[in-house]
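A.B. asks: Protein sequence lines, in the order shown, are assigned to chains A and B. In terms of my numbering, the numbers along the first sequence are unbroken and rise by one, the last being 506. In terms of my numbering, the numbers along the second sequence are unbroken and rise by one, the last being 910.
Incorrect hints may appear among the rest.
Stretches of chain A that chain B covers, calculated by requiring three or more beta carbons in the stretch to come under 8 angstroms of a beta carbon on chain B [what the hints assert, rightly or not]:
1) 72-78
2) 138-149
3) 186-192
4) 213-220
5) 243-252
6) 265-278
7) 297-305
Just the calculated beta-carbon pair ranges, DEER-fashion [said to hold, decoys possible]:
8) A:S98 x B:S842: 40 to 46 angstroms
9) B:R756 x A:A41: 47 to 53 angstroms
10) B:T805 x A:R464: 22 to 28 angstroms
Read the hints as simulated data drawn from the structure, not as lab findings. Using N, Cα and C, we set each Cβ at its ideal position, and we do this for glycine too.
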Amino acid sequence: MTIDWAAMERHCRALLPARAVVAAAQELLAYDCDGLTLHRAQPPLVVLPETTEQVAAILRLCHRRGVPFLARGSGTGLSGGALAETEALVIATSRMRSILDVDLANRRITVQPGVINGWVTRAVAGDGFYYAPDPSSQVVCSIGGNVAENSGGVHCLKYGVTSNHVLEMEVVLPDGTVTTLGSGLAETPELDLRGVFIGSEGTLGIATAITLRLLRAPQSVAVLLADFTAMEAAGEAVRLVTAAGVLPAGMEIMDNFTINAVDDLFGRDEYPRDAAAVLLIELDGQEREVTAAVEIAGELCRQAGARTIRRASSEADRALLWKGRKSAFAAVGRITPTYYVQDGVVPRSALPGVLAAIEELSRRYELPVANVFHAGDGNLHPLILYRADEPGVIERVQELGAEILRLCIDAGGSITGEHGVGSDKRCYLDWMFAPDDLATMRLVREAFDPAGLANPGKIFPTPRSCGESARRQVAHRHIKVEHHLPKEAAEVEQRDVESLASLDVF
Amino acid sequence: MRPEPSELQELVRDLHRQGSAWLPAGLGSRLDWGPPVQASCTVLSCAALRGVREFNPGDFTITVAAGTPLVEVQQTLGHHGQWLSVDAPWGDADGAAAGSIGGLVARGLAGGYRQRYLGVRDQLIGLELMRADGVTARAGGKVVKNVAGYDLMRLFTGSWGSLGLITELTLRTLPQPPLRRSVCFQGEAGDLASLSRWLLGSSLSPERIDWWNGSLAAAAGLAPEPLLLIGLASVDASTLEEQVRCLQERSSLQARVLDASTTATWLALARGGAVTPSTAATAPAWLLRLGVSPDRLETLMQAPALAGLAVDMAAGSGLGLAWTGPEGPHQAAVTSGQVMALRSLCTELGGHLTVLRQPRRAGLPAWLDAPSRPLIEAIKRRFDPSGQLAPGRLPGVAQSVSTL
Ligand SMILES: Cc1cc2nc3c(=O)[nH]c(=O)nc-3n(C[C@H](O)[C@H](O)[C@H](O)COP(=O)(O)OP(=O)(O)OC[C@H]3O[C@@H](n4cnc5c(N)ncnc54)[C@H](O)[C@@H]3O)c2cc1C
């Protein structure tokens, strides 16, 4: 079916203020990709509604005319979820940025979907509260996008991901009906449609108001940094700490490649260059408990074979220990300007084995792979480094990326821990799930969106996008990732934009 | 029926061909909770789907067949110093009547441990299910962080058998807290409310903050006064002591410090005392799930509509249970009229009331219509087009009066 976009534009203009409709080609260019810049597609029309009623009116229009649509938050997604591959109306939430209600007595806050993640904490920090899920993109990414991707962050080891923190949502369904999923309480006697909506990557409707749980800020925070001569030893330290009942807020590991990249960037030996791994552990809670936990964790690291251990509790000292980790991607980026990031997950006990296998693959493909990862929950972010101008390199990068995801699945893991499937990884979803599994998931989609208008083509493998993917070993896609600052960055405060420059991708 | 794993699929397909109604069940310990199901309904128990399928202690995840008793899962984990951070369901006074893990998930009702560890739905990372048409499907996986595909784990948690039979579950586990201690306070509702308000706003992280009413305290052999039971856990003894001290200093009420085993005894009392759900003679006439906005709990706890009920609420979430003794002459005190008034009050206080058990002929709908009822019904039609599963039980859809 071909869509009469000129007519759509007229209809949208009848429903929305003039400034809320974007149709000029040069302005549309800003919406042609998300944080994953390798796929680009310019949408035919973008609207910027401000209210739930406007979103509902637009979706009713789409429904009447059979026009596909997709929501877009801040455009920082890393799986091509906000990409308008098929001709679709883009509904951007960047003008839906009000905090609707702060209810500290019940430790909850209600926001519009375009509200930036970091603003939530900022709104309640003065009262000693915060919003726990903290993706590294938190100065730019939106709560609506977080809900759609079920985003995580460094502290999700202890505090959980987005889904653990959403109480209630107002959602506009693909036929334009407005409904409420969940209630202001953690449990409601109804099917948990709130739970299934979170992480559905915009394929079930558009969230227009989200009620989040707030947590009390911990009394004390400490960071411990240990270095090891073997990756296995670092893995063992993670295991020992976890088993001891010490639940750190986060545990991050950097490999030797990254350590050297960081040292090169800093121009001094921040970390011992011969270390196979550096482990960072952040602990939080009551002051006395944190002191005790640092003691225990330090001892266990030593037991696992740590060479040196550094500790920090003041904010400035903590920042110092984190600095190398936070600069890791910038450091790697200096070696080659282009890299491709994966988001695979493995069971924690499989970490050392999978890392060794990735190293072996890296040698075989003659492509460096840097590993910086959330060790506490087994979420890997291998970065494949390459020079885009090297002939034939793209194919090699693709194959290596696919093999790494294979490794994760074979180890009992997943192809994505927090970035979502989107358009980027849909052709691998059937590596994880059988046709009946996917068909059962599709039942949900058919109930929410029988006409299939919401973010079409995402998540699920289709013959058109993937061919015979079940038998395919390698995806035939063009993979070239540049570091990309989403256009919406321009709309957030200057201070945020400056900190974005030093932003660490994961 | 209690099919062996090898017979299950064929049986379900047969039921599907015949269009027969059936009720997915665990060990059958609490089948009478919630809306009544059609009498002719076949009960399909997963009692024969039993055992730990995969457990690697280093991963802190466990995969179990849905019919495995919760107690067995906890025992297996306990040998490795781990546990599943959920409360046993109501009616499990002696720790043996918890029912199956699948049943716990299908009900999705969390207890006081939610304060620190979140709910049942938050522990679930993978699921295998059998649909009404006999098709087996999986979602999630075996790793703690995973966003591949839709989250059917949450959809099935609290689904009451309405969408399919849960056949296998993968859950996250935690190391057992090395040290546990509880502190309990008794006094006026106002004093307890201000203590709990302070505690919830403090940086302490108790495992549970349970608020009992006077009747429940009396059933535990204590003065018939409201009580706040605060469970603490830590890796460090001096931290525990400091927290206990901190609480003592905070309130003018007398603090009573309980060790882990006394706490366990008290918690068993709060799960129904000597009452076991399997014997009809001792089952409670009324068992209600209550929820209110946490800041309105004080109002609820003082409401006349709670007269005659033992009440145990979690102060942080505003969720809990209320119940009476078994049906009998002395129970006439709690009427459906009173429960209806309680339901309106809960709604007014930002929450809801679910009737888990009620006397025969009381005739209250277990739950009311949710705002998303049409969508809930659309999901039901997709998963169970011929309406075979648990007819009359669809969470978020009030039963019509004629089926009551
Ligand atoms: C530098 C950088 C660092 C990052 N770090 C992390 C990290 O640490 N952890 C992590 O998990 N992710 C991380 N990400 C990925 C990304 O930031 C998250 O996925 C984020 O949640 C996306 O939010 P967004 O507002 O940019 O969404 P977008 O990219 O605009 O959209 C993402 C998806 O959400 C859908 N969507 C948006 N709004 C709505 C709505 N209101 N209703 C329904 N669907 C909607 C879209 O259709 C799309 O499918 C990072 C990205 C970058 C660029």
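A.B. asks: Would you mind marking each hint as holding or not holding in the structure?
C.D. replies: Hint check:
Under the rule that three or more residues need a Cβ within less than 8 angstroms of chain B, the assignment of the region 72-78 of chain A is violated, with 0 such residues. A count of 1 residues in the region 138-149 of chain A with a Cβ less than 8 angstroms from any Cβ of chain B is obtained; the coverage claim is therefore unmet, three being the minimum. Under a criterion of three residues with beta carbons nearer than 8 angstroms to beta carbons of chain B, the stated coverage of the region 186-192 of chain A is upheld, 7 such residues being counted. Here the region 213-220 of chain A counts 4 residues with a CB under 8 angstroms from a CB of chain B, which clears the bar of 3, and the coverage holds.
Here's how the region 243-252 of chain A fares: 5 of its residues keep a CB closer than 8 angstroms to some CB of chain B, so the rule of at least three is met and the hint holds. Look at the region 265-278 of chain A against chain B: 0 of its residues bring a Cβ nearer than 8 angstroms to a Cβ of that chain, fewer than three, so the hint is violated. Judged by the Cβ-Cβ criterion of 8 angstroms, the region 297-305 of chain A is not covered by chain B as claimed, because only 0 of its residues qualify and three are needed. Between A:S98 and B:S842 the C-beta distance comes to about 43 angstroms, which sits within the given range of 40 to 46 angstroms.
Taken as a hint, the range 47 to 53 angstroms is violated for the pair B:R756 and A:A41, whose Cβ atoms sit roughly 59 angstroms apart. The given range of 22 to 28 angstroms is broken by B:T805 and A:R464, whose C-beta atoms sit roughly 58 angstroms from each other.
Of the hints listed earlier, those the structure fails to meet are numbers 1, 2, 6, 7, 9 and 10, in rising order.
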